[in-house]
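**Q** Sequences are here, hints too, so could you generate the full structure?
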Amino acid sequence: MNAIAAHASPVVRPRRRTGLRWLLIGTSVAFLLLFLVLPLAAVFVEAARKGAGLYLAAITEPDAIEAIKLTLLVAAIAVPLNLVFGVAAAWAVTRHEFPGKTALTALIDLPFSVSPVVSGLIYVLLFGAQGLLGPWLAEHGIRIIFAVPGLVLATVFITLPFVARELIPLMQTQGSDEEEAALVLGASGWQMFRKVTLPNIRWALLYGVLLCNARAMGEFGAVSVVSGHIRGLTNTMPLHIEILYNEYDYVGAFAVASLLALLALVTLAVKRFVEWRYGDELGHGAARH
Amino acid sequence: MSFELNDLDKRFGDFQALQGVSLSVKPGEFIALLGPSGSGKTTLLRILAGLEFPDRGTVEHEGHDWLALPARKRGVGLVFQHYALFRHLTVFENVAFGLRIKPWRSRPSRAEIATTVAQLLKRVQLDGMGERYPGQLSGGQRQRVALARALAVNPTLLLLDEPFGALDAQVRANLRRWLRHLHEELGLTTVFVTHDQEEALELADRVVVMNKGRIEQIGTPEEIYQQPATPFAFEFIGRSNRLEGKVAKGVLALGGTPFDTESLEGVDDGPAQVYVRPEHLALAPAQVEGGWHGRIAHVFLAGSIANLELEITGLAQPLLAEMGGEEVLRRGLRAGSVVTIQPRVLTAFPIDRTDGRPSAKLRRVLHPRYSQASVARLR
Chain A
-13 MNAIAAHASP VVRPRRRTGL RWLLIGTSVA FLLLFLVLPL AAVFVEAARK GAGLYLAAIT
47 EPDAIEAIKL TLLVAAIAVP LNLVFGVAAA WAVTRHEFPG KTALTALIDL PFSVSPVVSG
107 LIYVLLFGAQ GLLGPWLAEH GIRIIFAVPG LVLATVFITL PFVARELIPL MQTQGSDEEE
167 AALVLGASGW QMFRKVTLPN IRWALLYGVL LCNARAMGEF GAVSVVSGHI RGLTNTMPLH
227 IEILYNEYDY VGAFAVASLL ALLALVTLAV KRFVEWRYGD ELGHGAARH
Chain B
5 MSFELNDLDK RFGDFQALQG VSLSVKPGEF IALLGPSGSG KTTLLRILAG LEFPDRGTVE
65 HEGHDWLALP ARKRGVGLVF QHYALFRHLT VFENVAFGLR IKPWRSRPSR AEIATTVAQL
125 LKRVQLDGMG ERYPGQLSGG QRQRVALARA LAVNPTLLLL DEPFGALDAQ VRANLRRWLR
185 HLHEELGLTT VFVTHDQEEA LELADRVVVM NKGRIEQIGT PEEIYQQPAT PFAFEFIGRS
245 NRLEGKVAKG VLALGGTPFD TESLEGVDDG PAQVYVRPEH LALAPAQVEG GWHGRIAHVF
305 LAGSIANLEL EITGLAQPLL AEMGGEEVLR RGLRAGSVVT IQPRVLTAFP IDRTDGRPSA
365 KLRRVLHPRY SQASVARLR
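Top to bottom, those sequences are chains A and B. Residue -13 is where the first sequence starts when you use my numbering, and the numbers rise one by one after that. Residue 5 is where the second sequence starts when you use my numbering, and the numbers rise one by one after that.
Derived by calculation from the structure, the hints in this document are not laboratory data. Built from N, CA and C at the ideal position, the CB exists for glycine as well. No false leads were slipped in.
So, partial list: chain B residues that the calculated Cβ filter (under 8 Å) puts toward chain A:
1. 53
2. 55
3. 75
4. 76
5. 80
6. 82
7. 86
8. 88
9. 90
10. 91
11. 92
12. 101
13. 102
14. 105
15. 106
**A** Given below as structure tokens:
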């Protein structure tokens, strides 16, 4: 390796430091290959092992279809909710002074620091049969735990920080001058938001939504606690994969897993594109992920 | 279009941004709010714009309550220190913004907007730049776009926050003269904030000197420079020497030297804070009667003017004098020369006994008299 290194940068760098550089690069690449690329490739290889027919059968099987539908439904509710919340929270934190602002900022990060299992349990404690609101809910025939509302709640909780965390640093750097300029020029609050705020944060917003969506579809822990694993009813894709795997249906498990992995790759690609094309407009937010 | 600001108070947490500020702005006036950072000048501007509201006090515009109007209804043109151009819009769209967002009944047609914007861009000498984005412009160009954008809505009042603060010296000097011409051409009422005294004195019809949320003095640039009303105004504007003086039996003495001046009637015996401008110190290259005796410690030739550092018997600190560079050479004034120094104008703020501070109310502007013979030697 030393020989290659010396050849690559013959004059400027001393031999020893170049060697170190290649050692570091080599280690990181090997590490990435071993722990990221290889497993990811394995997912696709494993899924396709028994041929395209079985692969297609595994992902078009009714329970799998239901799981995919449910995952899309949960994401379709959770992501817009967190989009609205994220914009509102970022707005409140960066544009207003109010008591408890620091507490709010810290609270937004809570779902990141709490174990997903705990997040799920919180909802069981609240809405479960033995929970705080359980009896009242049962009386009125409302099912939350082991039903779709529970899945949505848990997902919303888990994915809450993504949009807000993306927007807050950006809106802080941008400041409120442009918004104030719009107001003084005669814009209403809504005009100001639509014509000035939104265009300024659009790429960071898209970025936050992508991350939020990837997590919403991929979340396992919290969803697992509140789901109840009822096939065709409360199984999202990650839960469905687990069940298939536990039943030694490797092709099925890996086929569905490949869909989730594909989603991750697409998210990554779009994210990279947005970063590359609109890096300036992402501000400090881009550097953190 | 007159504005009456009455007894405004504004507090941010523990910080008193404005305290009892009253000011009237006449139509067509060009007013500078001058002060160091934290003096409340920007807060005052933002109150006029409707971006901030005072805790107490009133603002009236032609007899109507100005504060009752939200920012968007005030029809004010505001230019921010850092321009605040809409970065995602072209120069053309930036200038057109205020017209495009009007409710459809009062909104001009597309063609009218295009004409207005083209005229404005021409006015600010940016014709042909309409398709560019703010990021592609220089600081001076951005500033002019910001101005065109503010002018597009036909403002009743033009507000400028440190308009030249972020520009380099050359551009700044050009732009401010241009702005003064524009103000006169359009007959606007303009209020601008600056911490640069030269800018304020050169541009404004009247200067409002602010410090710690209060107005120290309001006056024409000449009044502000020639007759600073408070010790702060004296120290903040222009250069000055500060001296500790003593009043005894109606006579002012500085460094043990008594000066024959106008009457100090009404001033009790006691200490006084005294200021003298460097250009008000006359020098004679010998010891003559009247004034201080001392020597020149340093001569700093700075182009056309010279700064002289003087050491004076009886005074603790050296004094700064200013005169033409040519004059210094002609009269052979150099470091080490023994000189007589005669202040022409002294401004005294006697110390108020009740609070131990120099009192602006008791201010006296004094013109010491010297014997004919000694004055002749100074020419």
